[in-house]
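For the sequence shown, this note's numbering assigns the number 1 to the initial residue and increments by one for each residue that follows.
You can take every hint at face value.
Below, simulated DSSO-like cross-link-like pairs (lysine-lysine); rule was C-alpha separation at most 30 Å, straight line:
{"#": "1", "residue 1": "Lys17", "residue 2": "Lys144"}
{"#": "2", "residue 1": "Lys18", "residue 2": "Lys98"}
{"#": "3", "residue 1": "Lys57", "residue 2": "Lys124"}
{"#": "4", "residue 1": "Lys18", "residue 2": "Lys144"}
{"#": "5", "residue 1": "Lys57", "residue 2": "Lys18"}
{"#": "6", "residue 1": "Lys103", "residue 2": "Lys81"}
{"#": "7", "residue 1": "Lys144", "residue 2": "Lys57"}
{"#": "8", "residue 1": "Lys31", "residue 2": "Lys144"}
{"#": "9", "residue 1": "Lys144", "residue 2": "Lys81"}
{"#": "10", "residue 1": "Lys103", "residue 2": "Lys31"}
{"#": "11", "residue 1": "Lys81", "residue 2": "Lys98"}
{"#": "12", "residue 1": "Lys57", "residue 2": "Lys128"}
{"#": "13", "residue 1": "Lys157", "residue 2": "Lys103"}
{"#": "14", "residue 1": "Lys66", "residue 2": "Lys31"}
{"#": "15", "residue 1": "Lys144", "residue 2": "Lys124"}
{"#": "16", "residue 1": "Lys124", "residue 2": "Lys103"}
{"#": "17", "residue 1": "Lys98", "residue 2": "Lys62"}
{"#": "18", "residue 1": "Lys62", "residue 2": "Lys17"}
{"#": "19", "residue 1": "Lys157", "residue 2": "Lys128"}
{"#": "20", "residue 1": "Lys17", "residue 2": "Lys66"}
{"#": "21", "residue 1": "Lys66", "residue 2": "Lys18"}
{"#": "22", "residue 1": "Lys98", "residue 2": "Lys66"}
{"#": "23", "residue 1": "Lys103", "residue 2": "Lys144"}
{"#": "24", "residue 1": "Lys62", "residue 2": "Lys18"}
{"#": "25", "residue 1": "Lys144", "residue 2": "Lys66"}
{"#": "26", "residue 1": "Lys128", "residue 2": "Lys144"}
{"#": "27", "residue 1": "Lys157", "residue 2": "Lys98"}
{"#": "28", "residue 1": "Lys128", "residue 2": "Lys31"}
{"#": "29", "residue 1": "Lys103", "residue 2": "Lys18"}
{"#": "30", "residue 1": "Lys157", "residue 2": "Lys124"}
For the record, the hints were derived by calculation from the structure and aren't laboratory data. The structure presented is a predicted model; accordingly, all values stated were derived computationally and were not measured.
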Amino acid sequence: MFLLLNLLTIYFKIHTKKGIEICKVTVVDSKCNVVYDEYCLPTTDIIDYSTIWSGIKEEHLKNVTKTTEEMRNDLLALFNKDTILVGHGLGSDLMLLKIFHSKVIDTLILYPHNRGLPLRRSLKDIAKTELRRDIQNGDGHDSKEDAEVTMRLLLRKL
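Could you put together the complete structure from these sequences and hints?
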């Protein structure tokens with residue numbers, strides 16, 4: 001038996017003095033139930049919240065005390081070597097979290113651009129064409145919605 005989790009962080013990064021850092025992680029299980037949904041503080045001063053892409057605003061981090069290291073430890077407690085991680089552009093997210101994992105499924109690979117690499121389809125485009133679902137409208141992205149859509153795209157492909 002395997003555990004299928006969706007670790008989706010790609011849209012929940014902000015720009016800091018050190019570059020791009022993780023600021024929120026949402027994890028759903030194979031039934032699209034949220035099992036983890038947390039913000040964490042960046043390691044240095046924030047330059048740009050990139051709200052249009054991240055959905056994160058200054059007020060979201062107002063009372064946050066969790067560090068990136070604590071978030072990483074939380075995630076490592078959620079899965080083991082047999083867990084399959086699912087995401088959209090997951091490689092860079094795992095790198096930012098300093099997590100190496102060998103069982104990864106990426107919807108960027110499952111749903112390639114029709115003109116091939118290096119072009120990549122957005123999650124919004126894939127959701128619209130494959131699930132007939134309109135996502136990422138309004139005030140930035142919603143990590144729960146993106147995580148659920150990513151999992152549904154995998155389940156559809158399976």
